[in-house]
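Build the full structure now, drawing on both the sequences and the hints.
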Amino acid sequence: MRVKWLAAAAAVLFAGNAYAAEVSPAVIYDIGGKHDKSFNESAFAGEEQFKKDTGIGYHEFEIQNPSQYDQALRNFARRGYQPIIAIGFSQAQALEKVSKEFPKIQFGIVDATVDAPNVRSLVFREEEGSYLVGMLAALKSETGKIGFVGGMDIPLIRKFACGYVQGAKAVNPKIEIFQNMVGTTGDAWNDPVKGGELAKSQLSRGADVIYTAAGASGLGAMQAAADAKKYSIGVDSNQDDLHPGSVLTSMVKHVDTAIYSANMDMKDGKWTGGAKVLGLKENGVGYTSDQYNKDVLTADMKSKADEAKAKIISGEIKVHDYTADNSCPM
Amino acid sequence: MSSPIPAGPDRKASGDGISAATAEKPKALARPAPDKLPAWADYALLPLINVVAAFVVSGLAVLMVGANPLEAVKIMVFGALGYGEGVGFTLFYTTNFIFAGLAVAVAYHSGLFNIGAEGQAYVGGLGATFVALALDHFLPWYATVPIALVAACVFGAAWAFIPAWLQARRGSHIVITTIMFNFLANALMVWLLVNYFIQPGTMDPASRPFTEGASIPKLGGLFSLFGADLGAAPLNLCIFLALIAAVFVYVLIWRTKLGYEMRTVGLNPTAAVYAGISTSRIIIITMLISGALAGLLALNPVIGDQQRLQLNFVNGAGFVGIAVALMGRNHPVGICLAALLFGMLYQGGAELAFDMPQVSREMILVIQGLVILFAGALEHMFRPGLTRAVNMISTPQRRRMVEAGEASR
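Listed in order, the protein sequences are those of chains A and B.
Numbering (the working numbering) for the first sequence: -7 to 322.
Numbering (the working numbering) for the second sequence: 206 to 614.
Hints may contain errors.
To be verified - Taking lysine-lysine and the BS3-like style, the derived pairs with C-alpha atoms no more than 27 Å apart in a straight line are:
1) B/K423 x A/K92
2) A/K161 x A/K192
3) A/K161 x A/K286
4) A/K262 x A/K294
5) A/K89 x B/K423
6) A/K296 x A/K286
7) A/K262 x A/K43
8) A/K26 x B/K279
9) A/K132 x A/K273
Hints were generated in silico from the structure; no laboratory data involved.
Now the structure itself:
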């Protein structure tokens, strides 16, 4: 009902607005920056893909401090860019304000929900993808010990960790999971040396599969696992080709396709506001299987993961979302 | 115990014997041009030359990425000063930098290098937030804000107290301890925000938004009386607080007994002890004042702008304060001007990144870094040349004075 209403509203908007059909996308990266090897970069990839396919350029801005959230959104909105996509939950409050001031401009936000008719909220079920790679890690582990290296101790990363733990325990309830965070400042996303050190420490305690959710810091952890001839799991984008034979799989979060299709919808006049929750079912998250990891990811493991995937989609397995109540049952 | 700061020509600038030194400097050093400049050249011309040099080098960098440097300067200046909202943002950042610069400068006068303004401001924000969360439903803003102000000062000062005590009583170097306390502040705040302040069901590690009861009026209304439209700029009453703090620092350092003691300890701790001044007492008091000033910084972003406690809200302002203090010669007037320059760089830089896609966020950092490099690290690069030039054109009268001084000796 609500969706229908929104679609109708959108249709009216397009009919009355001359440049609405003329898509001129803008993207506002979060403080992490465009090249964070993580979701900001994934957003960048989505915009680049759109530019390549359609020849329509886009505008971008990298936030330097929180006071700029409002400013950047308004600057783009005032110049009539749309859709304007804000990356990261930190921009939610600013977007709530600005989307009301510019009801005719269409906005998007990744990783947060803003309840306004002209905002498309793109939220991912990271816990579902993490559950699957947690299972794969537990299936691969010979020592019964696995590791997790997070960037910063914030709810988003705990959400990854919580899904991972649930998946691993579903396979082996006695499994031991080491969890470490790289740091307490924004630098935590960009410190491969520290990421590597944490991974080495976990490896020396007996872990043989390490999952990272730490932006560029994770690259260090994956290097450490490759050096020790152990396994690692990449995150956000497909990182299987970094160390073939050592990267077990990657938990991909398709920010790029979400943004690409947002722009495409705008171009084709199919834009809708409202929340889009992208989980396994919507192919918003998942694990990778390609020529780089075919030697380490066995058919047996894959079939077990796919079985769980089907059950999660059907609702038979419920993966707890850490951010729903800020706690993890495990 | 000994004062950590290297003595430089700067040192004299912090005293008030500038004019006297020009004439009475003994010629025994055999250097033809003593490194003394008339005050106008020292305080205005030299910083100006430094900034211009920084911009010339930045211009080359902008040219290298294929953009027009003149166009870039135009966008930056217009973005920072050309319209109401830009001015509002510029002054908003300026407010932060004044507080941070004053905090660094106060410590510097006692020979202490406070690198910890960042952490002290962060923890100061915690104090302000406690008050705001506790009282915003019960009291109007003009009652809440003064209490929050005191809390921010107390928390900032408390965070500076431990490094100060360690320096005064145990000789642990204040530079190291204050840097370390920045990391401790980060860890503490992440822990508090993620585990206690966060609202259930949200991703954002931030406290709940404050109500009207804990807000600081924006200056949009005031400016509109003069026909200026500040737009959505977060400029608020805190800027007046910053200016009051600058006056306070001036009076404290140059017009009180305590300030005299602080400067004495900074110039020569051994002599200070001989004169009956307790250096450890002065170190601790200085750092408490410095930390309190840094804590005040937090009011501007936390209560004045965002109205909630956020992760990393200080965002480097405490570190910029070091450059601001260096550039402003540790004098409140200089600090206000340097803070304004950095405010313009911040706001103009954002505008530049917006309008010139070739100029990335990192390029803006390069430009800001060059200004810091030329104004801080290379501060004395042009000094010998400039001194010679100034001496060459200086009036024969001064030369006569110097000669007369020598003859009478």
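Quick rundown of the hints versus the structure:
1. Our distance criterion of 27 Å between C-alpha atoms is met by B/K423 and A/K92, whose separation comes to about 20 Å.
2. The straight-line distance between the Cα atoms of A/K161 and A/K192 is roughly 23 Å, inside the 27 Å bound, and the hint therefore holds.
3. As the CA atoms of A/K161 and A/K286 are separated by approximately 24 Å, the hinted pair is consistent with the 27 Å bound.
4. At roughly 36 Å between alpha-carbon atoms, A/K262 and A/K294 are farther apart than 27 Å, so this suggested pair is violated.
5. The straight-line distance between the Cα atoms of A/K89 and B/K423 is roughly 17 Å, inside the 27 Å bound, and the hint therefore holds.
6. A hinted pair counts as satisfied when its Cα atoms are at most 27 Å apart, and A/K296 with A/K286 qualifies at roughly 15 Å.
7. Proposed proximity of A/K262 and A/K43 is supported: the alpha carbons are some 18 Å apart, at most 27 Å.
8. In summary, the hint linking A/K26 to B/K279 is supported, as the alpha carbons are separated by about 26 Å, within the 27 Å threshold.
9. At roughly 25 Å between alpha-carbon atoms, A/K132 and A/K273 fall within 27 Å of each other, so this suggested pair holds.
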